[in-house]
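Residue numbers (our numbering), protein chains in the order written: chain A, 10 to 341; chain B, 6 to 267.
Read the hints as simulated data drawn from the structure, not as lab findings. A virtual CB, placed ideally from N, CA and C, is assigned to each residue, including glycine. Hints are supplied without guarantee of correctness; some may be wrong.
As the list claims (entries may be wrong) - Only pairs whose alpha carbons sit at most 20 Å apart, straight line, appear in this in silico SDA-like list of lysine to any residue: (1) B/Lys128 with A/Leu188; (2) B/Lys128 with A/Ala183; (3) B/Lys128 with A/Arg215; (4) B/Lys84 with A/Asp205; (5) B/Lys84 with A/Arg215; (6) A/Lys316 with A/Leu251; (7) A/Lys243 with A/Tyr145; (8) B/Lys84 with A/Leu216; (9) B/Lys34 with B/Glu65; (10) A/Lys114 with B/Leu67; (11) B/Lys34 with B/Leu67; (12) A/Lys114 with B/Leu59; (13) B/Lys34 with B/Asp11.
Claimed, not checked - Which residues of chain A face chain B? A few of them, derived with a C-beta cut under 7 Å, are: (14) Val113; (15) Ala199; (16) Asp202; (17) Asn203; (18) Pro204; (19) Leu206; (20) Arg208; (21) Ser210; (22) Gly211; (23) Asn286.
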Amino acid sequence: MNELIYFFNYVVVAGSVTGSIYAMGAIGVTLIYSILRFAHFAHADMMTLGAFLVLLLTLLFPHAGEPLGLPTAVVMLPIAMVLTSLAAVGIDRVFYQPLRNHGVKPIVLVIASLGVTLMLQGLIRLFSGTGAQSLYVDARKEIFRLEVPGVTRPIILTEPQIILFVVTIASVIALHLFLTRSRLGKAMRAMSDNPDLARASGINTRLIVTLTWVIAGSLATLAGTLLSLDVAFKPDLSFFLLLPIFAAAIVGGVGHPFGAVAGGFLVGFAETLAVFNWSVLLRPLRDSLPSWIELPNNLALVGTEYKIVVPFFILIAVLIWRPTGLFKGKVI
Amino acid sequence: MTPIIDVRHVRKAFGGLTVIDDCSIQVEKGSITGMIGPNGAGKSTLFNIIAGSLSPDSGEVLLNGEAITHLSANRRFHKGLLRTFQIAHEFSHLSALENLMMVPPGQEGENLFSTWFKPGEVKRQETETRRRALEVLDFVGLSHVRNELAGNLSGGQKKLLELGRTMMTDARVVLLDEIAAGVNRTLLGDLISNIERLNRELGYTFLVIEHDMEMIARLCDPVIVLAQGQVMRQGSIEDIQNDPAVIEAYFGADPESEAASA
Numbered sequence: 010m011n012e013l014i015y016f017f018n019y020v021v022v023a024g025s026v027t028g029s030i031y032a033m034g035a036i037g038v039t040l041i042y043s044i045l046r047f048a049h050f051a052h053a054d055m056m057t058l059g060a061f062l063v064l065l066l067t068l069l070f071p072h073a074g075e076p077l078g079l080p081t082a083v084v085m086l087p088i089a090m091v092l093t094s095l096a097a098v099g100i101d102r103v104f105y106q107p108l109r110n111h112g113v114k115p116i117v118l119v120i121a122s123l124g125v126t127l128m129l130q131g132l133i134r135l136f137s138g139t140g141a142q143s144l145y146v147d148a149r150k151e152i153f154r155l156e157v158p159g160v161t162r163p164i165i166l167t168e169p170q171i172i173l174f175v176v177t178i179a180s181v182i183a184l185h186l187f188l189t190r191s192r193l194g195k196a197m198r199a200m201s202d203n204p205d206l207a208r209a210s211g212i213n214t215r216l217i218v219t220l221t222w223v224i225a226g227s228l229a230t231l232a233g234t235l236l237s238l239d240v241a242f243k244p245d246l247s248f249f250l251l252l253p254i255f256a257a258a259i260v261g262g263v264g265h266p267f268g269a270v271a272g273g274f275l276v277g278f279a280e281t282l283a284v285f286n287w288s289v290l291l292r293p294l295r296d297s298l299p300s301w302i303e304l305p306n307n308l309a310l311v312g313t314e315y316k317i318v319v320p321f322f323i324l325i326a327v328l329i330w331r332p333t334g335l336f337k338g339k340v341i
Numbered sequence: 006m007t008p009i010i011d012v013r014h015v016r017k018a019f020g021g022l023t024v025i026d027d028c029s030i031q032v033e034k035g036s037i038t039g040m041i042g043p044n045g046a047g048k049s050t051l052f053n054i055i056a057g058s059l060s061p062d063s064g065e066v067l068l069n070g071e072a073i074t075h076l077s078a079n080r081r082f083h084k085g086l087l088r089t090f091q092i093a094h095e096f097s098h099l100s101a102l103e104n105l106m107m108v109p110p111g112q113e114g115e116n117l118f119s120t121w122f123k124p125g126e127v128k129r130q131e132t133e134t135r136r137r138a139l140e141v142l143d144f145v146g147l148s149h150v151r152n153e154l155a156g157n158l159s160g161g162q163k164k165l166l167e168l169g170r171t172m173m174t175d176a177r178v179v180l181l182d183e184i185a186a187g188v189n190r191t192l193l194g195d196l197i198s199n200i201e202r203l204n205r206e207l208g209y210t211f212l213v214i215e216h217d218m219e220m221i222a223r224l225c226d227p228v229i230v231l232a233q234g235q236v237m238r239q240g241s242i243e244d245i246q247n248d249p250a251v252i253e254a255y256f257g258a259d260p261e262s263e264a265a266s267a
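Please construct the entire structure, taking both the sequences and the accompanying hints into account.
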C-alpha cells in the first residue's frame, strides 16, 4: 500500500500539477494561433511576467491575504491578471499589430514574438534578479498530509496544488461556457473560422483580438503564478516550459482549446511517468520474483535530465497517428 | 436626391500598377445597379474600396451623403452597407442557422458588460435573432438545411446563405460580388427572384458585379461599364449592349467585323 501512495504522490499529483500548468499555457497559445494565425513564442515569458507582477504585489502588501485565509499571492492574482492582460494588449498594439497591418507572413510575427520573449526576459531579470524567490513572503506554505488508514505513508498535497486544480477546472469550464454560450465567444469562433466574413458580418475583429490577448494573458498569469507558488519564482522558470506547452497545443490539435487541455495533461503525465522510478512499485514483489532477476535501484524510463525529450516523443507519435492532433484543430 | 453610394475621384495603385484611376460612380437609392467590365478593369478593387476591405490612395466614398472613406468594414456594416463574396464565405463549422444568427448588429451579447450583467436582455435578443434567422432561411429557401454545417452546403446554397446574411439586418445597400458564379440555373432563378423581391418589397439598393450578362440584363438598370480603372459608359442595358466601344473593350474587337471576316 505504501507503494501505491508513493505512486499517487509522485505520479498522480505531480502529473496533474504539470498537466494543469501545460494546459493553461497551451490554451493561450492555441487561442492566439486560431485568431491571429501565428505561433506566439513569447507566451512562456508572459507567464513569467504574470508571476513577477504577483511577486511585486505580494512584496508590496505581504499581509493582504490574511483576512481571507488565502496566500497573499492568490489574492493578488486578479490584479496581476488585469495588468498582464494590459501588457499583452500593449505588446500586441506596439509590436504585432503594425506588422499585421502590413500583411506580413506569419513567420515574421513568430520572429517578432521571439524578440518580445527576449525583451521580457531581460526586463524581468533586471528587476527581479536571476535567483529564485518564494512567492510566500512572510508566510508558510501549507502542506496537507492525509493519513490513509493502515498505511504509514500519507498522501501529500500542498495548498498551491489544491488551488491550482480548482483554478484549472474553473477556468476551463468558464472558457467553454464563454465560447459556446456568449455571443462574443461565438464571434470569436466565427473570426477564427473566417476573418473576412466576420468583418463583413459586422463583427468587430479588433475587439476580438483584444479579447484574445486578455484571455491568453489572464491564463498565462494563472499558470505562471501557480507554478511559482508550487516551486518558487525564477525568471526562467516558465521559459523552460515553452516547448512542452507548444507540444501540448500541437498534440491536442492547434486551435482547439479542449485539445490543448487534453494535450497538456497527456504531456504532463507522460513526463512524470517517464521519470518515475518503477522499481518502487516492483519492490513488494521482490520475494516472489525468480532469483535470477535482480531489481535495480532505479527503473525510470528516462533520466530526469532527459525529461524534455518526452513531450517531443509524444508529439511525433501523435502526429504520425493523427496528423491534425488529437482533436481536429485549426478552428475553435 | 443624394445618391446612396457616391464614389468621388477614387484612385488606388498596387505598387506601380494603377488599378483605379480617378474613378467616380453613383448608385441611386432603390436601384439595382450593375457593374461590368473586362477582367482587370478594377471592378473588384473598386468593390473592395466601397465595402471597406481596401482603402483608396485618394478620393472619397460617401454613403447617403456621409463620408465613410476611412471606416472599417465592420463599421460600414453597422451603417447598413453589406457585401457578399465572389467565392462564397461561410463559417464552415457552424450550421446554416448559426451562420445567420452570427450577423445582427448592435447585439447586447457582443458587449462584455451586458454578457455578465444583463443576461435577460441578451437572452431575449437571442430568441428574436433566432426567429428572424428562421424567417430568412424560409425566404431564401434553405429551411430544409438549417441544421446542416454551412461547410457542407452546395456552392449555390452557400450563395443563397450569403444573400440571407444581408437580410438579417436592416441593410440599405448590398454589394453583390458575382453572386451567380458557380450557381446552377435552377438556384440562379431563385437567387434572382429573391434579389428582385428584396429590392421591390424591402427597398434594398443593390450594386452588382457580374459576368453573367443574362443576369445583368434581367436585373440591372442602370449598368456601369468599367475599363482600365475608369468609368467607360453608364446607361441602360440596351444602350450598353449596342455601344461599339463597350463591345470592343469586352471582346477586344467588334464581333460584327469578326463575323464578317470569318
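A quick look at each hint next to the structure:
1. For the proposed pair B/Lys128 and A/Leu188, the alpha carbon gap of about 16 Å is at most 20 Å, so the pair holds.
2. For the hint pairing B/Lys128 with A/Ala183, the CA-to-CA distance comes to about 18 Å; that is within 20 Å, so the pair holds.
3. Under the criterion of a C-alpha separation no larger than 20 Å, the hint pairing B/Lys128 with A/Arg215 is inconsistent with the structure, at around 25 Å.
4. At most 20 Å may separate the alpha-carbon atoms for a hinted pair to count; B/Lys84 and A/Asp205 meet this at roughly 18 Å.
5. Proximity of B/Lys84 to A/Arg215 is assessed by CA-CA distance (about 18 Å); at most 20 Å being required, the pair is judged to hold.
6. For the hint pairing A/Lys316 with A/Leu251, the CA-to-CA distance comes to about 14 Å; that is within 20 Å, so the pair holds.
7. A distance of roughly 13 Å separates the Cα atoms of A/Lys243 and A/Tyr145; the hinted pair therefore holds under the 20 Å criterion.
8. Between the alpha carbons of B/Lys84 and A/Leu216 the distance comes to roughly 18 Å, so the proposed pair stays at or under 20 Å and holds.
9. Our distance criterion of 20 Å between C-alpha atoms is met by B/Lys34 and B/Glu65, whose separation comes to about 18 Å.
10. Proposed proximity of A/Lys114 and B/Leu67 is contradicted: the alpha carbons are some 33 Å apart, above 20 Å.
11. Using a Cα cut-off of 20 Å, the hinted pair B/Lys34 and B/Leu67 holds, with the two alpha carbons roughly 13 Å apart.
12. Between the alpha carbons of A/Lys114 and B/Leu59 the distance comes to roughly 19 Å, so the proposed pair stays at or under 20 Å and holds.
13. The hinted pair formed by B/Lys34 and B/Asp11 meets the criterion: a straight-line CA distance of about 11 Å does not exceed 20 Å.
14. The interface hint given for A/Val113 is violated, since its Cβ lies 16 Å from the closest Cβ of chain B, which is over the 7 Å cut-off.
15. Taken as an interface hint, A/Ala199 checks out: its beta carbon lies about 5 Å from the nearest beta carbon of chain B, inside 7 Å.
16. The criterion of a C-beta within 7 Å of any C-beta in chain B is met by A/Asp202, whose closest approach is roughly 4 Å, and the hint holds.
17. The interface hint given for A/Asn203 holds, since its Cβ lies 5 Å from the closest Cβ of chain B, which is under the 7 Å cut-off.
18. The beta carbon of A/Pro204 is not positioned within 7 Å of any beta carbon in chain B (closest approach about 10 Å), and the interface hint is therefore violated.
19. Satisfaction of the interface hint for A/Leu206 is found here, the shortest Cβ-Cβ separation to chain B being roughly 4 Å, below the 7 Å cut-off.
20. Hint status for A/Arg208 relative to chain B: holds, with the closest Cβ pair at about 4 Å, below 7 Å.
21. A cut of 7 Å between beta carbons decides the hint on A/Ser210: the least distance to chain B is about 5 Å, and the hint holds.
22. A hinted interface residue such as A/Gly211 counts as satisfied when its beta carbon comes closer than 7 Å to some beta carbon of chain B; here the least separation is about 4 Å, so the hint holds.
23. Using the Cβ-Cβ criterion of 7 Å, the hint placing A/Asn286 at the interface with chain B is not satisfied: the shortest such distance is roughly 45 Å.
The structure is inconsistent with the numbered hints 3, 10, 14, 18 and 23, although it conforms to all the rest.
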